[in-house]
Amino acid sequence: MTGGAVVERLLYGDVVVGGALPVLGIDVTATTVVLGALASRDWRPMHHDRDFAIQRNGTRDIFLNTPNQAAWFERYVTDWTGPTGRLGRMTFHMNTPVFPGDHMAFMATVDGTEIDGAGCGWITLDVVLRVGDVTNTACTTRVALPLDKDDNPWTRRGDAWRP
Amino acid sequence: MSNSSITELIPVPDEVTARIGLIQYEVEGGFPVENGYVWTTCASVENANPLFWNETVANELTNGPIAPPTMLSVWFRPHHWSPGRTESAVPLQAHFDLKDALDLPEAIISSNTNTFHEPVRIGDRVRSRQILRSISEPKTTKLGYGRFWTIDVEYLNQKDSLLGVESYTAFGYRRLGGDRS
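Going line by line, the protein sequences match chains A and B. Counting with the numbering used here, you get residues 17 to 179 for the letters of the first sequence. Counting with the numbering used here, you get residues 101 to 281 for the letters of the second sequence.
Note that these hints are calculated values from the structure, not bench results. Check before you lean on any hint, since a few could be wrong.
[To be verified] Some, not all, of what chain A presents toward chain B, calculated at C-beta under 8 Å:
no. : residue
1   : T94
2   : W96
3   : N168
4   : A176
Here a beta-carbon is modelled for each residue, glycine too, at the ideal position from N, C-alpha and C.
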């Protein structure tokens with residue numbers, strides 16, 4: 017409980033290596049792309065100007081920008097962990113752009129678990145953003161989870177936080 | 101794609117090689133971290149995490165409101181326009197410097213590693229600095245021919261605490277069959 021607010025929290029011990037996260041499906045529109053670009057203060061025209069994207073970048077339309085893809089991955093992971101999940105590291109490789117009209121599917125499996133030398137519980141997730149059968153972006157995320165109901169990764173500082 | 105296209109790439113100038121490992125473009129963001137962008141970002145990805153919407157939860161878990169960790173780069177991107185500026189500002193200047201210096205007119209970010217340290221708090225003044233880490237040999241991809249490079253952006257707050265590091269790998273290129281412009 018947090019001051020009257022009920023907070024769902026996933027604990028480290030709840031996680032099984034090889035387990036799958038629920039799939040998240042999102043229909044991408046031009047608004048998705050433009051809103052994401054502007055929210056991340058990315059004014060570059062390939063994220064809002066279709067003619068520029070086609071003629072200069074050689075893509076078929078405007079496409080999701082990098083920071084907004086990171087925000088989508090964060091949302092997907094923390095939907096699963098709850099607010100006590102704390103991201104430590106995120107690596108992603110963008111193979112193919114995501115365009116308006118695409119249906120994004122976020123999927124993930126638990127690749128590993130680890131309690132580090134500072135006593136922090138870590139989960140490694142392999143996450144993919146797919147459109148149809150194509151993996152547009154592959155992401156590896158390291159996220160800290162509470163070891164028990166009294167643990168909170170957000171309180172870790174200095175050498176106790178090893179992302 | 102013929103090998104002759106790759107040989108058209110200019111060699112990496114010595115002054116560019118000399119930048120590898122140097123801190124460049126250390127600047128403070130144009131405004132303090134604020135909730136408006138946090139909520140707009142959360143709305144853009146339908147992120148309902150109560151840390152960013154419920155002050156009671158934020159006070160309990162993070163000792164006050166914070167920004168989503170993946171918003172790091174938001175705080176150093178320049179305004180699209182500001183009074184008195186005569187040239188457009190770009191957010192990752194070291195990247196655009198390389199495009200110019202290597203005569204590669206197009207570029208995409210191909211991979212990205214973000215490492216998150218101290219939470220970014222509402223009201224923080226975020227300072228960023230850019231460090232060129234590497235430049236590849238000439239490569240050909242389906243987009244064209246060019247070079248990959250990696251640039252780290254380090255973020256610090258007003259107390260000099262490290263907030264995070266974003267490591268961008270980009271591919272600067274010429275389109276296959278395209279003109280040199």
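Checklist entry - Close enough to count: is the Cβ of A176/A nearer than 8 Å to one in chain B? => result violated, 12 Å
Item to check | Restraint check, 8 Å cut-off on beta carbons, for N168/A near chain B | outcome: Where the cut-off is 8 Å and the nearest Cβ of chain B is about 6 Å from N168/A, the hint holds.
Next on the checklist: A closest beta-carbon separation below 8 Å is what the hint needs, so does W96/A meet it against chain B?
Outcome noted: Where the cut-off is 8 Å and the nearest Cβ of chain B is about 11 Å from W96/A, the hint is violated.
Next on the checklist: Tell me if the interface restraint on T94/A is satisfied: Cβ within less than 8 Å of some Cβ in chain B.
Outcome noted: holds, 5 Å
Checked against the numbered hints above, the structure breaks hints 2 and 4 and satisfies the rest.
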